[in-house]
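Colleague: Between the sequences and the hints, there should be enough to build the whole structure, so can you do that?
Just so you know, the protein sequences line up as chains A and B, in that order. Residue numbers for the first sequence, in this note's numbering: 1 to 329. Residue numbers for the second sequence, in this note's numbering: 330 to 681.
Because the hints were derived from the structure by calculation, they are not lab data. Where hints are given, some of them may not hold.
Beyond 12 Å from chain B on every Cβ pair, some chain A residues (computed) [stated by the list, open to error]:
id: 1; residue: Phe74
id: 2; residue: Ile103
id: 3; residue: Glu122
id: 4; residue: Thr175
id: 5; residue: Asp183
id: 6; residue: Gly225
id: 7; residue: Phe320
Label pairs and their in silico Cβ distance ranges [claimed, not checked]:
id: 8; chain 1: A; residue 1: Pro272; chain 2: B; residue 2: Ile371; range: 28 to 34 Å
id: 9; chain 1: A; residue 1: Val313; chain 2: B; residue 2: Gly385; range: 50 to 56 Å
id: 10; chain 1: A; residue 1: Val313; chain 2: B; residue 2: Leu618; range: 35 to 41 Å
id: 11; chain 1: A; residue 1: His99; chain 2: B; residue 2: Ser582; range: 50 to 56 Å
Just so it is clear, the structure is predicted and the values come from calculations on it, not from any experiment. Glycine residues also receive a C-beta, built at the ideal position from the N, C-alpha and C atoms.
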Amino acid sequence: MAPLPELSGILRKQTATTKRRRLSRLEKKEIRWGLFFISPWIVGFLLFYLLPMIASFGFSLYDFNPATPDQARFIGFANWQRALFQDTEVWLSLRRTFHFAAISLPISLLFSLFLAVLLNSEHVLGKSVYRTLFYMPTMIPLVATVLIWNGVLNEQTGWINVIIERLTGIRATGTQGLRWLADPNLVYYAYTMFGLWGVGNAMIIFLAGLQGVPTELYEAAQIDGANWFQRLIFITIPLITPVIFYQLVLGVIGSLQYFLAPFVLNGGTGFPEGMTRFFMVYFYKQSFSFFSMGYGATLAWLMLIIAMIITIVLFGTSRFWVFYAGEER
Amino acid sequence: MVRAQQLTTLPKATRVALTRIALTSLTIAVLTLFLIPMVYGITTAVKTDSQIAKTGAPWWPARERTFEYEGKAYDVYLVPIDGEIRELALYRPGRQSSLFVDPENPAAGPFEWQGQWRQLERSWVLDIQWNNFTRAWNTINFPNLLRNTLMYAGITTFGAVLSAALVAYGFARFRIPGKNILFMIMLSTVILPGAVTLIPTYFVFLQIGWVGTWLPLIVPAFFSWGTNVFLLRQFFLGIPRDLEEAAQIDGASPLRIFFSIILPMSRPALTAVALFHFFWAWNDFFGPLIYLAGHPDKFPITVGLTAFNNLYSQSANLIQAASLISAVIPIVVFFFAQRIFLEGVVITNIEK
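Modeller: What follows is the structure, given as structure tokens:
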């Protein structure tokens, strides 16, 4: 009598495995195809990214100066301790980074979306030309862009101040005027303008997103008497939420990585009053001015961790507001 | 009946016309503001070397006016006489008073003006230095640089779009164990600044003997980039599954579905990624700089421009001229490629 429950147990187990195997044949096929499709990335990651990433984390455990590599010293988590608990500049520069992102990110997202909607409208004549002209600044090499903006934002002779003065009569030039790059209250807006000049890429991504909105939906809404604003809010925006989500995630990552503009405009000095010493500027200073590669790698990994946390939180929220027409059912 | 129809159609036509005018002017207004710095760059490109250095020079390309009198050139100043400003050539400067010649009436000869000539402003005449473009073109080996850049941008764009589309489709449609973790790892390769992985990456390429060739810049593009994959995944997730499911029932393989359904439906998104990557490669400076160091014949335009910058760090006009030359090809490419956004792709059966 004793083996019976055992046998039924085995039987149950067996039916379970056959059932699982029957299911898993389809599943396995799906996994195999999935792996086939993502294999270029996996191979590339193993070949070109994995080792450098591990090595860069390894650097963060060393006191390492690339000029004298033989003097590198293993110091455990001392760099991490310094970054997290001792170095106040880490948190100050992070705060500046988020402060700047809070200003520039919404403005650039809204402006690029506005441009894309405008340049997708059937009512705007000559769209190809405008799109190209809006994209043009993106193609101007950085050396030239920086020269241009240093000239245009100049407080004495800069065109922006001269034009503001001519149009409004308010005194904008000179030391009492709008000192775009030198006034701590204005500098983030000046950098935002500089960033808006590169709106071209965000614009074409939104344009591509708008192309995916089926025209029949608009026609149906029009018959129902929806005006353009209702169509924008209830059809266009929901259907391009996947693209908005992409722009948001990359915008946050880009803000944390932000360093090129302050670096070329003021050499990473943080001028004015340290306002532009953003997190990545501080990272570059540590890595390439003080040659503390170990500490620099620690800062980079700290940035990676912060960005990953924000990204994961954003992915968590996407369930509530991002609409994917082809989601798994 | 006919009259009623006319009444309803007529206001509509007017309304459409008004909307057209309003939206087009709005676009042009925004564009004008947007392009102010561009105009500054273009005018700088056609200025003379001396105008850039001078304070008090006008914003438009110009040179200081001179007037030839008795075989010698004299500088022309804006001189206030009897409440009006006249353009006069300074014949003989003096401390308290100077002699001037009127270019309008040289026969009258030099006459005296009371005042300090150093306080006067110069007179400028329009002078567009088109030959700045020829000077820039001749200073660096533009044909070679452009050919290298075009090759680099073209090949990597093809590889980047194809590989990113494959990988994005894998992430968008297939249940793979640990997919979300893999996706996050992929994003982490985007987040981690290239500057920290630079040394080990360089070391990897040095070990396999690729440094000094185009390979470290071209080959990785064929293994997909995180940002492109992420973008295309977003688009693929937005495509309804109905068509694929129908094709699956008909026995089409995933690869076939990918090439004959997904790719054609994603033309705008693929174009966006292609443009994105093309211009990224066109402007890529750091990669070529470190991997091609010491091989000037392989340089792309960005690195070539720096050489230029080092040679003529004071010549803002030549730098702008060279930059505009290097932007011509991308602008033409963009103009023709963006027309794909005019066509539109109709995705049917979305409301199921």
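Colleague: Now tell me if each hint is right for this structure.
Modeller: Against the structure, the hints:
1. At the 12 Å boundary, the C-beta of A:Phe74 stays outside the reach of chain B, the nearest C-beta of that chain being 17 Å off.
2. For A:Ile103, the non-interface assignment is confirmed: its Cβ lies about 19 Å from the closest Cβ of chain B, beyond the 12 Å cut-off.
3. Look at A:Glu122: its CB is around 9 Å from the nearest CB on chain B, not clear of 12 Å, so calling it non-interface is violated.
4. Look at A:Thr175: its CB is around 16 Å from the nearest CB on chain B, clear of 12 Å, so calling it non-interface holds up.
5. For A:Asp183, the shortest C-beta to C-beta distance to chain B comes to about 19 Å, beyond the 12 Å cut-off, and the non-interface label holds.
6. No Cβ of chain B approaches the Cβ of A:Gly225 within 12 Å, the least distance being about 14 Å, so the stated non-interface status holds.
7. For A:Phe320, the shortest C-beta to C-beta distance to chain B comes to about 16 Å, beyond the 12 Å cut-off, and the non-interface label holds.
8. Separation of A:Pro272 from B:Ile371 is about 30 Å and conforms to the stated range, judged on CB atoms against 28 to 34 Å.
9. In this structure, A:Val313 and B:Gly385 meet the distance hint of 50 to 56 Å, their C-beta atoms being roughly 55 Å apart.
10. Range check, A:Val313 to B:Leu618: Cβ separation about 36 Å, and the 35 to 41 Å hint holds.
11. Evaluation of the 50 to 56 Å hint for A:His99 and B:Ser582 yields a pass: the beta carbon distance comes to about 52 Å.
Hint compliance for this structure: hint 3 alone is broken.
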